[in-house]
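Between the sequences and the hints, there should be enough to build the whole structure, so can you do that?
Quick mapping for you: the protein sequence lines, in order, are chains A and B. Offset between the first sequence (1-based) and the numbering used here: plus 4. Offset between the second sequence (1-based) and the numbering used here: plus 200.
Be careful, since some hints might not be right.
Claimed, not checked - Quick look at which bits of chain A chain B covers, simulated, 3 or more residues with Cβ under 8 Å:
1. 489-497
2. 504-515
Stated by the list, open to error - Here are a few chain B residues that sit away from chain A, every Cβ distance over 12 Å (derived from the structure):
3. R211
4. W308
5. P313
6. E412
Treat the hints as calculated values from the structure; they're not laboratory data. Nothing here was measured: the structure is a model prediction, and the numbers come from that model. In this text, a Cβ means the ideal position worked out from N, Cα and C, and glycines have one as well.
Given next are the chains, with one letter for each unit.
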Amino acid sequence: MTNAKRPTLWPWLMAAIVAAAPLAAQQADDAGSASTADHSKFEALQKDFASGPEVTEACLSCHTEADDQVMHSIHFKWEYEHPETGQLLGKRNVINAFCGSVAGNEPRCTSCHAGYGWDDMRQSSAQAQATPDCLVCHDRSGQYTKTATGAGHVPLDPVPEGAKTITGKKAWAVDLSEAAQSVGQPTRANCGSCHFYGGGGDNVKHGDLSSALYEPPRSVDVHMSPDGENFTCSECHVSDRHEWAGSRYNVQATDPHGTGKPGEKRRVATCESCHGNEPHPVTLKGVKLNDHTDTLACQTCHIPEMARGGVATKTWWDWSTATKMDEAGKPYSESDFVESDGDHRHTYISKKGDFRWEENAKPIYAWFNGQVEYTTADRKIDPDEVVEINPLHGTPDGADSRIWPFKRMAGRQPYDSARNELVYSHVWGPETDTALWTNYDWSKAIAAGMEAAGEEYSGEYGFVDTYMYWPTTHMVAPAEDALDCESCHAEDGRMAGLTGVHMPGRTPFTAAGIFGLVMVLAALGGVILHAIVRLTTGGKGGDHG
Amino acid sequence: MAERYVKVYPRFERFWHWSQMVLILVLLFTGLGLNGLHDIVPFGPAVMAHIVAAGLLILLWIFAIFWHFTTGTWVHYVPTGQGLLRVARFYVYGIFKGEKHPFRKAYWRKHNPLQALTYLALKLILFPAVWITGVLALTYNFWETAPEATFWAGLVSNIHLLAAYAIAAFVIAHVYLLTVGHSFREHVRPMITGFDKIDLTPEEEAYLQADEPARIRPR
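And the structure:
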């Protein structure tokens with residue numbers, strides 16, 4: 005039925021997309037060719053800018069409301085009040101299983117803030133008078149970047165020795181004028197320069213967001229590949245007043261609405277927004293597969309593995325082994341993991357402890373209704389159990405619950421062993437005498453981190469095992485690479501152990517299964533016995549005469 | 201009474217029997233795989249084969265039910281106590297003593313009482329149990345919002361499984377009993393040629409010879 009509708013819908017949808025000129029512009033190789041404005045002709049932009057905030061000021065001379073919009077977005081606030089749980093989340097507040105927290109490590113972590121100059125998490129970005137950064141999202145010159153440790157600021161002439169960019173490259177002097185005159189709608193490169201490097205390196209955090217997605221082959225991502233749909237991120241993460249569809253704290257886990265009417269504004273970044281709720285063709289197999297869509301997220305079958313395309317993701321981070329020194333008493337590192345693209349990745353660093361990596365990794369699967377809770381620093385933990393940094397909500401019977409794929413980040417991280425709470429730690433700080441990566445002293449680093457976050461700390465710490473979950477939703481594979489039925493419908497399939505779902509093929513020896521087999525074996529045994537007795541007592545048995 | 205070779209399995213009945221056999225074997229084989237006991241056929245193709253075979257079998261059964269009622273052949277399956285115990289006694293005792301099978305096939309009673317009762321149970325209990333639960337399982341998405349749907353789905357699949365295993369047990373006994381008495385080949389032949397040795401009354405014999413000569417073999 006969906007198929008019958010689609011031919012009539014698509015032309016309208018396509019027309020709607022083409023009519024939205026800015027959207028079309030991002031597809032075009034020649035930036036701005038479909039736009040009605042050529043920013044290189046704007047006088048306000050034809051000057052030598054001395055800093056990023058000066059460019060923003062120039063942008064605002066025409067786009068008068070843009071700063072107001074941006075400053076209300078999560079990209080700028082790094083704060084999110086969860087409407088269901090009431091928890092105050094966002095990078096400004098949460099503790100994660102990677103470098104731990106922004107608090108205490110600001111100029112390093114806020115290098116990826118969509119603003120300039122936020123260097124203290126105790127103040128909101130607005131209180132800190134940070135200036136929105138238009139260029140990080142809108143630059144189309146390709147030479148705009150931010151300094152890795154500069155609280156969002158840009159490397160400018162003269163670039164200090166050893167300075168790096170947010171993607172870990174040797175920093176260069178950005179030409180702000182060229183960047184300002186190049187602006188357009190965001191490309192994969194704009195979003196990727198921060199989001200592909202979450203956790204401090206390529207694909208460290210997400211597993212499904214890496215530099216492989218700048219120009220992915222179709223096998224890695226059908227939507228983003230130039231050989232596929234060549235989508236930019238905002239093709240799905242549609243924006244309205246600089247706020248984007250798609251949230252990791254409050255995921256739209258089902259989309260019963262499906263595709264909208266022609267030209268209708270979509271506000272959710274779900275697969276169903278475009279593909280509808282009956283995405284498979286009306287064949288016997290397709291109908292059977294459509295039966296699964298109320299139980300399985302599309303991603304579950306269509307992203308068979310994460311960290312594809314040659315970039316591994318970090319799956320284990322043991323902070324408890326950090327601060328070891330070599331024979332000479334110096335910090336050292338080991339890089340024993342080799343990616344398929346040939347890059348070596350750290351397996352130990354004195355600063356950070358032990359790492360494990362996985363490439364083409366199988367996700368784990370869990371019931372999920374989109375709600376994510378956070379073990380914030382005020383919550384008590386049980387150090388004898390694995391602490392879930394962000395427990396997922398969802399039950400088999402839940403209305404919005406479906407089975408989703410996740411990257412499960414595992415590790416060991418510091419906690420307050422007297423208060424049984426997770427801690428913030430001050431890891432980055434080349435100039436301080438408390439930062440872990442400078443002084444290799446946990447007690448100082450945690451005390452400083454807790455102070456920076458405004459939290460109480462007992463002074464005693466230990467290390468606790470943690471899990472952190474990352475929904476796997478990018479890197480959608482071509483249909484022919486989707487999981488086969490038997491990936492799950494098998495005894496040791498991918499969903500072994502997942503409860504609350506009837507899945508034929510997974511448990512052949514249930515009570516009914518065993519009873520049935522006994523019945524068959526009894527029949528077989530009975531006739532064999534009958535035959536033996538017949539043969540031993542004289543012949544074939546009676547004839548009809 | 202005269203014993204004559206009479207066509208008691210007309211063409212449709214033979215077609216029904218053998219296509220049913222093939223479909224049941226396909227269903228048992230793929231079903232065992234779907235239940236996780238083997239992976240000779242991948243799960244997806246096995247599901248498709250199972251659904252297609254089940255659909256064909258249900259269609260076949262619809263025709264067969266129609267045929268039974270329009271031709272009156274349903275009377276062969278009416279249960280009778282007459283001779284039932286004797287046949288049962290034969291299978292558990294007399295057969296080992298070399299006794300003769302106590303049942304003589306009649307024109308309107310081509311199955312022995314035990315056989316007729318078994319087939320009736322198969323048709324009225326096991327087959328409906330398996331196809332009703334199969335259709336319910338296949339259409340789960342239409343009733344999954346019903347209260348306690350997960351519990352009912354589990355029950356449906358367990359009944360399906362048990363009925364299927366019971367049918368498998370029947371197949372084993374059915375094939376084994378072909379070796380009892382006559383040779384296996386002689387037992388199978390009527391279901392191929394349609395002709396079986398039947399005790400005819402003089403009236404039946406006279407009627408067949410006069411009105412349906414093609415249904416009775418010359419002496």
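Against the structure, the hints come out as follows:
1. 489-497: Since 5 is at least three, the answer is holds.
2. 504-515: holds (count 9)
3. R211: Since the minimum Cβ distance to chain A is about 25 Å, R211 of chain B lies beyond 12 Å and the statement holds.
4. W308: holds (17 Å)
5. P313: holds (14 Å)
6. E412: Check passes; 24 Å lies beyond 12 Å.
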